[in-house]
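K.L.:
Based on these hints, arrange chain A on the given structure of chain C.
Taken in order, these protein sequences are the chains called C and A. Everything in the first sequence is counted per the numbering used here, starting at 1 for the first residue and increasing by one. Everything in the second sequence is counted per the numbering used here, starting at 230 for the first residue and increasing by one.
Quick caveat, the hints were computed from the structure, so don't treat them as lab data. Hints may be right or wrong, so weigh each one.
Computed footprint of chain C on chain A, listed as stretches where at least three residues anywhere in the stretch have a Cβ under 8 angstroms from a Cβ of chain C [stated by the list, open to error]:
(1) 425 to 437
(2) 917 to 929
With a straight-line Cα cutoff of 25 angstroms, these simulated PhoX-like cross-link-like pairs (lysine-lysine) come out [to be verified]:
(3) A/K630 to A/K416
(4) C/K156 to C/K77
(5) A/K529 to C/K113
(6) A/K263 to A/K298
(7) C/K109 to A/K661
(8) A/K647 to A/K846
With beta-carbon atoms standing in for the labels, derived distance ranges [unchecked claim]:
(9) A/A455 to C/Q108: 29 to 35 angstroms
(10) A/N934 to C/Q192: 32 to 38 angstroms
(11) A/K529 to C/E30: 44 to 50 angstroms
(12) C/K113 to A/K529: 49 to 55 angstroms
(13) A/G580 to C/V182: 46 to 52 angstroms
For glycine and all other residues, C-beta sits at the position ideal for the given N, C-alpha and C.
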Amino acid sequence: MKVAVIRFPGSNCDQDAFHSINDDLHLKAEYVWHEDTSLGGFDAVFIPGGFSYGDYLRCGAMASCAPIMNEVARFVKEGRPVIGVCNGFQVLCEAGLLPGALLLNEAQKFVCKDVFLMPINRTSFWTQGVDHALRIPIAHGEGRYVCDTETLERLKDGNKIAFRYVNQEGQATPEANPNGSVDNIAGVLNEQGNVLGVMPHPERATRAICGSTDGLQILQSLARIGVLA
Amino acid sequence: MTAPRAIIRPMAAITTEVYTSMGLIRDEYALILKLLGREPSYTELGMFAVMWSEHCGYKFSRPVLAAFKKYKEALEGEGLENAGVVDIGDGLGVTMKVESHNHPSAVEPYQGAATGVGGIIRDILTMGARPIALLNSLRFGPIEGDEVPAEVIDRNRYLFEHIVAGIAGYGNCVGVPTVGGEVGFHKRYSGNPLVNAMCVGMLKLDEITTASASGAGNPVIYLGSATGRDGIHGATFASAELDEESESKRPNVQIGDPFAEKLLIEATLEALQTGAIVAIQDMGAAGLTCSTIEMASKGKVGMSVNLDKVPMREADMSGYELMLSESQERMLAVAHKGREHEVLNVFHKWGLQAVVIGEVTGDGLVTVTRFGELEAKIDPTLLTDHCPTYQIPAAVPAYHKEAAAFKPESVPEADIRKSLLNLLAQPEIASKRWVFQQYDQEVQTQTMVRPAQGDAAVMAPRGTGKGLALKIDGNSRWTYLDPYTGGQLAVAEAARNVACTGAMPRAVTDGLNFGNPQDPEVFWQFKEAVQGIADAAEAMGTPVISGNVSFYNESELGEVPPTPLIGMLGVHEHADRAIGLGIPGGKCQLGLLWCPLRKVPHEGLGASSLLAYVHGKETGLPVPPDLEKELALCKLLAEAADSGWIVGAHDCSDGGFAVALAEMAIALGSGLSARLPGEAFNYTSRADARLFGELPGRVLVSLANEPGSKRLEARAREMGLGFVSNLGESTEPGVLRVVDTNESVHEWTLSELQSAYERSIPSLMAH
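Isolated chain C, as found in the complex:
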């Protein structure tokens, strides 16, 4: 089992994802350069956070056209697991591999703090191990998830909302919503359920010394790949 951590110029959570998977989960991750054209030998893809290509255009827009993204699209189509965190979520939306888009936070400011996430879908590859609210950090300027009403209904009806922002008591209140996302949405799944996009950073919550290991709840799904194969 080997996870590809995609490195775009300007990715800055690539090393965190790498260490999280290798050192904390004790699984295997390797970097894959944005100009590469093959994901041969890999079983899952992690698209990390950061500011790919500086994000001087719309966040994730440049990265969605990088050579490696054709391979990522193939991966998605084949039903293999792909996760995009923060900027990685933006990249997946821009690439059309996830529905919706991420806009500037409602408060117009970057925000970094811990949030609580309630797993909504609990059956997909990525979320079946999650059985309680998670405390995980966010760090983004453009994390307000939006989509049209039709898409939102489809997400709801199809059980494709992965996580909602909630308060400590587990309620999806407006105060618990850190960026103004529609319906408190923090993460969504694609139709097939193999692609997860989340704004909060599970890879930042895998070391007890840094305050929370709740991110393992999501990333531990990767351990099942070997077993399933």
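P.N.:
Only chain A this time, still in chain C's reference frame:
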């Protein structure tokens, strides 16, 4: 290409007007003529002007900075590089530095602050270290009240908003967490905010790089972004006072590209691993001039540079412009001859420019050509070693004498209840959540104690069990009223702050922000403060390993209060035993540790926040620290955390005991009940001086258990420190209750404290 002409012709006739516009005075120009034995070319003159500016040449500060022992040794010995690295064991080193970007931020707050962050990151990077943490210290004019006109308040809010955004915009993008900082306000920062950024890096001790060029024939490589016309003479701009013309200097401010910086970090660290790099330096202040001159001078070699090869944003740039530009995200390296392609390949992979622009020469001269013409041919040591220094007469200002004559009985006793709520809501003291939530505090996943969780940030770097405690701190009111004591207090408090997380303080970097040093009263402030820092650093065993001086911080409203900032590194032998303020939500038993003081001038009210904010008076003298006891206190805190006797600690600072206690209650989210122990408060008969007096060396500790308290008590006695284990405890109802030594009881609800403390800055900055 034709051979360069041997004789340098000035591009323009050098008149008094020309050199004074570059910031040089007549005697300095005369010295240049003497050193060269001829008239300089226009480009050479510009090179002298920047290298001899205060920003690069330290011409006013150098004689004073000799008070820093390690700095003096380094200047006389091997150079500053190794001096700037702290050995933390396991073959690992930590390096850190502060840099100011005050003037650029005053005229263009977002870019000024952003590029300040970028510059200090590159300073750390060129040591061969990976930048692992950023901190910053900011000062602004008032953002409320009637001390200054409404339009000045608006401008101050604008500067506050955009400087914070600039730091966030840059730091968040480059992927280095901003883990700590502080923000202060005073009317005399109006128009001249202070922006000091600190960066901390980690490296393997056997991989420290040098900036000393060597090896005739070795290629000189230009790395990073192209050179444009931005920031020309930025260093000179930093070395003059701001005036109404400053706005026209907006083009002197560089534009930052954090994306390029991120690539530069990764490419540089990767290129250093090839072993093909001999020496490397940032192109920061004074750009190509500073990097070529300093690298050649340090290595006692020459260097020839063909400016035509420099990547440029505009093809028609002159030699003068290329040498003086301060475009960001650039570096200069010397590679081993024949291995330059290894360096070039790495940079090209990361999409960065890397071009050989010259070579190291054996003639000891820096030779610069443009369009085949000689622009400069100069002995680099003339610029680095012959910068004149000035001994300015120091004069004690009248205000200091008045402060010494302050009589506490001249101010009425303050209302305790109202004063605490007032102080907690002062932007200087209030929660800075509005600020630090805009910073990515966690990228790199090594941040253990975050802002508002402890008195210092704690990093738990991967690959070692050790921890690093980091702090930047300074109190300009204390320093203004008594610069020597203020300097000492700054070191003692920063040390205490890192010790409050359980770390032993190890080293200091400083950011010294003052007015015009040619003013004898300002020079006195500077000299006294530096001496205070040097003496305290020596006593605490925390050498000053690096630093920055920023003068000419003045505007129409006069010079800024003297603001020396202390960046402190503490080391935890076991990161997992580091502590914060306490355990939120849990039960706690509070104790008080203190340094008994022989003398408490002005009953602890001098230079205090209470006097400033409740009585509107800036006078009296701050209480000097007992450095021997401060060191004992730090040792005991480190021992207590490591032994598990305490689970939280918080220093009493601005606003004294009562503010510290309220901050603890807010952080723990718990009601607290406390009784003042008489033996710690017998320095005064005033209730307000007990609750709000600012005495150094006092720490609230959250005790783990009874046996731990007993051990702590015994150790405190042995070390000559004061300690009580029954100061107070957490209580169920959300009330802070304080019983004074005279048995009077003061109460506040937790929610009124939280509201004053948490809502102050967000409500002032809402629009």
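K.L.:
Take a look at whether the Cβ-Cβ distance between A/G580 and C/V182 falls inside 46 to 52 angstroms.
P.N.:
Violated, since A/G580 and C/V182 (Cβ atoms, about 36 angstroms apart) do not stay within the stated range.
K.L.:
Check whether the Cα positions of A/K647 and A/K846 lie no farther apart than 25 angstroms.
P.N.:
Answer holds: A/K647 to A/K846 is near 17 angstroms, not above 25 angstroms.
K.L.:
Are the Cα atoms of A/K529 and C/K113 separated by 25 angstroms or less?
P.N.:
Judged against 25 angstroms, a Cα distance of about 50 angstroms means the pair is violated.
K.L.:
So is the region 917 to 929 of chain A in contact with chain C by the C-beta rule, three or more residues under 8 angstroms, or is the coverage claim wrong?
P.N.:
As far as the region 917 to 929 of chain A goes, the hint is violated, because 0 residues have Cβ atoms under 8 angstroms from chain C.
K.L.:
With the threshold set at 25 angstroms, check whether the alpha-carbon distance from C/K109 to A/K661 stays at or below it.
P.N.:
holds, 15 angstroms
K.L.:
Between the alpha carbons of C/K156 and C/K77, is the straight-line distance 25 angstroms or under?
P.N.:
holds, 22 angstroms
K.L.:
Check whether three or more residues of the region 425 to 437 of chain A sit with their beta carbon closer than 8 angstroms to a beta carbon of chain C.
P.N.:
violated (count 0)
K.L.:
Would the pair A/K263 and A/K298 pass a check requiring their Cα atoms to be no farther apart than 25 angstroms?
P.N.:
Between A/K263 and A/K298 the Cα gap is close to 33 angstroms, so the pair fails against 25 angstroms, i.e. violated.
K.L.:
Is A/K630 within 25 angstroms of A/K416, Cα to Cα?
P.N.:
Given that 25 angstroms is the threshold and the Cα spacing comes to 22 angstroms, the pair holds.
K.L.:
Could you check the hint for me, namely that C/K113 and A/K529 are 49 to 55 angstroms apart, CB to CB?
P.N.:
holds, 52 angstroms
K.L.:
Does the beta carbon distance between A/A455 and C/Q108 stay inside 29 to 35 angstroms, or does it fall outside?
P.N.:
holds, 32 angstroms
K.L.:
Evaluate the given range 44 to 50 angstroms for the C-beta pair formed by A/K529 and C/E30.
P.N.:
holds, 45 angstroms
In this structure, the hints that do not hold are numbers 1, 2, 5, 6, 10, 13, in rising order.
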